[in-house]
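Here the protein sequences line up with chains A and B, keeping their order.
Reading the first sequence from the start, the letters are residues 5 to 346 in the numbering used here.
Reading the second sequence from the start, the letters are residues 5 to 346 in the numbering used here.
Hints were generated in silico from the structure; no laboratory data involved.
Just to be clear, a hint being listed does not mean it is correct.
Any copy, or any two copies together, can satisfy a pair, since identical chains are not distinguished.
Straight-line Cα separation of at most 30 Å, DSSO-like style, residue types lysine-lysine; simulated pairs [stated by the list, open to error]:
#1 Lys8 - Lys190
#2 Lys8 - Lys269
#3 Lys155 - Lys339
#4 Lys8 - Lys155
#5 Lys339 - Lys264
#6 Lys27 - Lys264
#7 Lys165 - Lys155
#8 Lys29 - Lys155
#9 Lys155 - Lys37
#10 Lys8 - Lys305
#11 Lys321 - Lys306
#12 Lys165 - Lys306
#13 Lys190 - Lys309
#14 Lys205 - Lys155
#15 Lys27 - Lys252
2 protein chains.
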Amino acid sequence: MSEKRTEISEIGEFGLIDRLHQKIKIQHESSLKGIGDDAAVIDAGDHVKVVTTDLLLEGVHFDLSYAPLPHVGFKAVAVNVSDVAAMNAIAKQITVSIAITNRFSVEAVEALYAGINAACEHFGVDLVGGDTTSSRSGLVISVTAIGEAQKEQLSYRSGAKENDIICVTGDLGGAFVGLQVLEREKQVFLANPNMQPELEKYQIVTARQLRPDARMDIVHELREIGVVPTSMMDISDGLASELFHICKASGVGVTIYEDKLPIDKQTFDTAVELNMDPITCVLNGGEDYELIFTISQEDYKKLEKHPDIHFIGYVNKEADGKHLVTKSGTAVALKAQGWKHF
Amino acid sequence: MSEKRTEISEIGEFGLIDRLHQKIKIQHESSLKGIGDDAAVIDAGDHVKVVTTDLLLEGVHFDLSYAPLPHVGFKAVAVNVSDVAAMNAIAKQITVSIAITNRFSVEAVEALYAGINAACEHFGVDLVGGDTTSSRSGLVISVTAIGEAQKEQLSYRSGAKENDIICVTGDLGGAFVGLQVLEREKQVFLANPNMQPELEKYQIVTARQLRPDARMDIVHELREIGVVPTSMMDISDGLASELFHICKASGVGVTIYEDKLPIDKQTFDTAVELNMDPITCVLNGGEDYELIFTISQEDYKKLEKHPDIHFIGYVNKEADGKHLVTKSGTAVALKAQGWKHF
């Protein structure tokens, strides 16, 4: 270790990543896109491959006291498929590596893989490789997903242009609210193990947290309709945080409208019950794994009647900033809190 | 968890992998080869991509009390490049995910990446993606490597044929002997922290353990010479264990000769000093990351003068079994102990 010691918390996760990536050199022409988007892009002759990877640790990314193992397996695949979708590519293959302690039985590992296999079937991906090893403390899962696209079909973070329309799929904030419910019930259970968790009325939000879908369906639909988003990301860290990434990569600003933000009734009601502002949950709650993308004005007609795509605002000049227009018509500066793992 | 509880130790790592893989279905034509070789093979139009991944945990795969962080980073890349080499493919891209505790400073993470970047330069691969997250207990590194080959250039485990010649690169047993030296010096240090470790005379073997090379050079040379091995693996679990995998996948037996097994003088001397049988270290010591491959008799002339390729035996019928012919001329049954992570 060197003499100087800088804590990671001083520069943050994104600061650390920036610092590490300054020293990386790309030498192969086939490495079309390196670090800096939802997935890397590799030339494959008549098409391109996209590659993305996520590392998930027990106690950091999932809590086995309330997350059933099949759900953990499903989610580990879904979050990677979601990153492939975020490039407007079709996920085809995954590798799955796991590290387990001797607390896990063969049956427990099979339960985990039941979820992994269910996700493979649901998303149409093949499990083609991986690694199995032992851990001294808890379950570790590493998934790499590989997808395909034509080069001109890819959507990067960097392509948003002034006057583009900002779209989001599904509804937002549910996964975050679901996490709060699960954490609350866990505390109740720890305080009194005879108490049964009350989860029936929170099924939608807890499912959003425990077993999220990835919007591969939207990628297929966009191809059928003939729309290539000018930019796209998946919403893993929170809507505001992802908008900041698109603005930075594209050199643009954005204006979004509070009354256009999609929120499910159960998410709204549960947020209120938990004394949280529903709009804050929508803007900054992570792990919804919906897609945020921008389209050119001329593509609007093709999507306007889609039941699961919502038009939440538009792209403006970088100098005009990033704003949220509240229901009362006031424009306030958008803030990205995102999820901090450090 | 289900009612029945089977311990993983009852069925072993390979038993667990077999059991999990029975339930996996492959649906895409582009998934040319799934689990069961050193890497998966994915169609890429005019060529194929190979994909391999390894998950490395502090305290299981490396010990930071004697492994410097740059070496850990280098090795994490090397072991994956080695799996690409084992397919007779050229590594082109890698992704690296890390999980770290707050015990790691920014400078420590930079030291790790200095080794990763050095390996990228050494092996000619581009670091194109990854994930950075926090860990509650120790460093976790997950690397995925992607390589390229023409379909007809690939060497699988399953292609060995009767009368083929068995080749190994470099020398064997060094990494295992190096590990024993490092563990011994660690115990000495723990017993008396004022003792300085004596590592000068063990530089070759400790380097084999801490900073192994991957034989991407051999893959390039085989292409230049125009030899495609009939089967190939890298030696990560030990020579005997890898031979068993080739025999099983190819439906063959093997005969190897003790006096043909390559061992470095320092490996030999250190094994003797540590009261270990040098040949057992060569046969069952893991982590050398040399290549073992089989060639047809007609290709022998092209390789016979290669200074770093050794011809250790030949492939025979499955019914004739797997044998080691000792220096005294006695044929003994070959046993695979391999490395057990569980």
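Unmet hints by their number, sorted upward, for this structure: 2, 3, 4, 6, 10, 13, 14
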